[in-house]
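J.: Listed below are the residues making up each chain.
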Amino acid sequence: MPTATNADDSDPADGIQIDLISGERMENMATMEKIRMILDGVHDGNIVILEEGLTPDEESRLIETTMAEINPEDFNGIEIETYPKSDSKDSSLLGRIMGGDGSEAKLTVIGPANRIETLHKDETLISALVSRS
Amino acid sequence: MGLFTELKDSISRATDRLFSEQEPKRIGIYGPPNAGKTTLANRIARDWTGDAIGTESHIPHETRRARRKENVEIERNGKSVTIDIVDTPGVTTKVDYEEFTDEMEEDDAIRRSREATEGVAEAMHWLREDVDGVIYVLDSAEDPITQVNTMLIGIIESRDLPVLIFANKIDLDDSSVKRIEDAFPQHKTVPLSAKEGENMDEVYENIAEYFG
Chain A
1 MPTATNADDS DPADGIQIDL ISGERMENMA TMEKIRMILD GVHDGNIVIL
51 EEGLTPDEES RLIETTMAEI NPEDFNGIEI ETYPKSDSKD SSLLGRIMGG
101 DGSEAKLTVI GPANRIETLH KDETLISALV SRS
Chain B
1 MGLFTELKDS ISRATDRLFS EQEPKRIGIY GPPNAGKTTL ANRIARDWTG
51 DAIGTESHIP HETRRARRKE NVEIERNGKS VTIDIVDTPG VTTKVDYEEF
101 TDEMEEDDAI RRSREATEGV AEAMHWLRED VDGVIYVLDS AEDPITQVNT
151 MLIGIIESRD LPVLIFANKI DLDDSSVKRI EDAFPQHKTV PLSAKEGENM
201 DEVYENIAEY FG
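If you're matching them up, the sequences are chains A and B in order. Number 53 in the UniProt record's numbering belongs to position 53 of the first sequence; there are no gaps in the numbering. Number 152 in the UniProt record's numbering belongs to position 152 of the second sequence; there are no gaps in the numbering.
A portion of the hints provided could be inaccurate.
Among the chain B residues that face chain A by a calculated CB cut under 7 Å, a handful are [as the list claims (entries may be wrong)]:
no., residue
1, Tyr97
2, Ile110
3, Ser113
4, Ala121
5, Gly154
Restraint-style ranges between C-beta atoms, simulated for each label pair [what the hints assert, rightly or not]:
no., chain 1, residue 1, chain 2, residue 2, range
6, A, Glu33, B, Ile145, 29 to 35 Å
7, A, Asp57, B, Asp201, 32 to 38 Å
8, A, Leu20, B, Ser80, 53 to 59 Å
9, A, Asp40, B, Ile59, 30 to 36 Å
10, B, Glu198, A, Glu27, 46 to 52 Å
11, B, Ile145, A, Ile16, 22 to 28 Å
12, B, Arg65, A, Ala128, 32 to 38 Å
13, A, Asn28, B, Asp47, 47 to 53 Å
14, B, Gly50, A, Asp40, 49 to 55 Å
15, A, Asn28, B, Arg65, 36 to 42 Å
Far from chain B, some chain A residues (derived; all Cβ distances over 10 Å) [claimed, not checked]:
no., residue
16, Thr31
17, Leu129
18, Ser131
Just so you know, these hints were derived from the structure itself, not from any lab. Cβ coordinates follow ideal geometry from the N, Cα and C atoms, glycine included.
Bound-form chain B, shown alone (with noise of 0.2 Å):
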């Protein structure tokens, strides 16, 4: 390697420490949808800064914009992480508006439905472009061996972003976290329910020491 290489790629990672300690590191909540991302980032954002971000809701594609959290402080056992939580919206490789017509008219259905097209090219674009870290919820109750997540995980992992699972809705009779596990064993994987707040102080450890 050349003296001038050398020279860039130490000023490249010094620079890197210096704005890593200065700015706050922007972590997108990924996952299909309904997998409880907006019920994660309310959760987290209510216990550390005491608002909320998003609606939650049973019908998938609730969330059809990506929507940040500025600033949120996290502190367990000494480490503190200062984080911009990035909730983002499910995604997926279909949508159709007739999933939704059993809960609206067909016209707010085809609405929701282009509304949701254009999260899921949000979400895509915030992943290639915005994100530093990422935290990907699973319904643990469904099985995790699916195209979208395959192909998610791989896109996170070829852009080299620290990232966590978050196996979610353990509360829930059919929930298997192994599953989870045995899904993507190159990755931490940590069980909650974000819905009833079970197991926050294992999350919160692992977000103040994973991605500060």
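If we strip away everything but chain A, and leave its shape as in the complex, we get (with noise of 0.2 Å):
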């Protein structure tokens, strides 16, 4: 299976590297193959954007895998945000970008804890702060 990100063609000093993710490149993937995806993406400096997010099963999961994964030396954890499902159609960005129909769509946005800040959330905004390092 090919890998969302491609670290050889990036360096992190160039800029900062958004990965976004459709459900139906998620939707036959095993719960630990999208964890891992995720986390990957995460632990190379990568914003992750999942157009459909995971299961509540899958984020607790999610949260646990990562607890096991931060170390004090170079990994602090994750800051994560979703928006709530939706039943009007195609009420997410995303899926108005990737054409879904959107009712399904959690739109949700991962990034490594030190370098992403959530600067405010409401209903139909996210807005954050990314840093280089």
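Assemble the dimeric complex from its two separately framed chains, guided by the hints.
T.: See the structure below:
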């Protein structure tokens, strides 16, 4: 399976990589494959945006796995923001961008805790500050 | 629905009732760090058994292991329930040892952060596997709409666990119970101050009624 990120082509010093991952790409993945993909991206300093988010059980396992990987030297966890599920079609920004119907969209933004800070969140906007180091 | 399936469901319901009458329910006390979970757990345990459960502190992640106090019998208004109280570490998605370096030496701060991460993982495991109901404790002086609170309430709901939300620290000037009620209108919110012992009658009435 191809990875969502391609660390060989990017240098963190050049900027910040953002991975927008479609629901279609996630739908056949096992829970730990999804978590591994997210955390590998975050370990590389990337911002990972999921079109359809994770189930509550997957979120629980993401927290658990994140805790196991925290290392005082170089990884202090994740910052995560999610919109609640919406019944209205095409309600999410990414849903519109990716052309999905948006009915199950749970837009989720995940990044390294030491590089992303949520500035504001409401029903229609997630505003985040991303630093390079 | 087939006869066999109906019979199986019927036996399952009867078994559930049998066990629910015999075994104490494990009620997990969950919430973000520094919401007052251990203060609440100690208040309940002292009021009904005379013993405390754990050490309270203003430093986040004082509780780094889930701790259980067994057979706490709570009675109110003719209703009674016997519960095991499970005091869990505060749940978060990040732990930075530098948060603790003002309070302790660096080596101690690193050890505390490592233990804190293990404690959060342990709390999540208890939630998935080992609790029958949840008391979700929030600091009513803080904004309740955080990602951790939203995620945890979602995880609890997805497991069909009964949950009471406790709006703690109502003794603080900035406390707003309404803010918590508005954030989670689908659940009952009970105001209290575990530290000062305010409104504990209503707390015990709700525990006896909701988990009994």
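J.: Hint by hint, note whether the structure agrees.
T.: Quick rundown of the hints versus the structure:
Checking Tyr97(B) against chain A: minimum C-beta separation of about 5 Å stays under 7 Å; hint holds. At its closest, the beta carbon of Ile110(B) sits 5 Å from a beta carbon of chain A; the interface hint therefore holds under the 7 Å criterion. Interface restraint check for Ser113(B): the shortest CB-CB distance to chain A comes to about 6 Å, inside 7 Å, so the restraint holds. A distance limit of 7 Å between C-beta atoms decides the matter here; for Ala121(B) the minimum to chain A is near 4 Å, and the interface restraint holds.
Taking 7 Å as the C-beta contact cut-off toward chain A, the hint placing Gly154(B) at the interface holds, the least distance being around 5 Å. Distance hint check: the CB atoms of Glu33(A) and Ile145(B) are about 31 Å apart, consistent with the given range 29 to 35 Å. For Asp57(A) paired with Asp201(B), a C-beta distance near 37 Å keeps the hint of 32 to 38 Å intact. At about 54 Å, the beta-carbon gap between Leu20(A) and Ser80(B) stays in the expected band of 53 to 59 Å.
Roughly 33 Å separates the CB atoms of Asp40(A) and Ile59(B), a value that falls within the hinted 30 to 36 Å. Between Glu198(B) and Glu27(A) the beta carbons are some 49 Å apart, a value that agrees with the proposed interval 46 to 52 Å. For the pair Ile145(B) and Ile16(A), the beta carbons lie near 26 Å from each other, so the given range of 22 to 28 Å is met. Distance hint check for Arg65(B) and Ala128(A): the Cβ-Cβ separation is about 33 Å, which falls inside the suggested range of 32 to 38 Å.
For the pair Asn28(A) and Asp47(B), the supplied restraint of 47 to 53 Å holds, since their beta-carbon distance comes to about 52 Å. Between Gly50(B) and Asp40(A) the CB atoms are about 51 Å apart, so this pair conforms to the stated range of 49 to 55 Å. Distance hint check: the CB atoms of Asn28(A) and Arg65(B) are about 38 Å apart, consistent with the given range 36 to 42 Å. Annotated as non-interface, Thr31(A) keeps its C-beta farther than 10 Å from every C-beta of chain B; the closest such distance is 12 Å.
The claim that Leu129(A) lies off the interface holds: its Cβ sits roughly 15 Å from the closest Cβ of chain B, which is beyond the 10 Å cut-off. No Cβ of chain B approaches the Cβ of Ser131(A) within 10 Å, the least distance being about 15 Å, so the stated non-interface status holds.
The structure meets every hint from the earlier list without exception.
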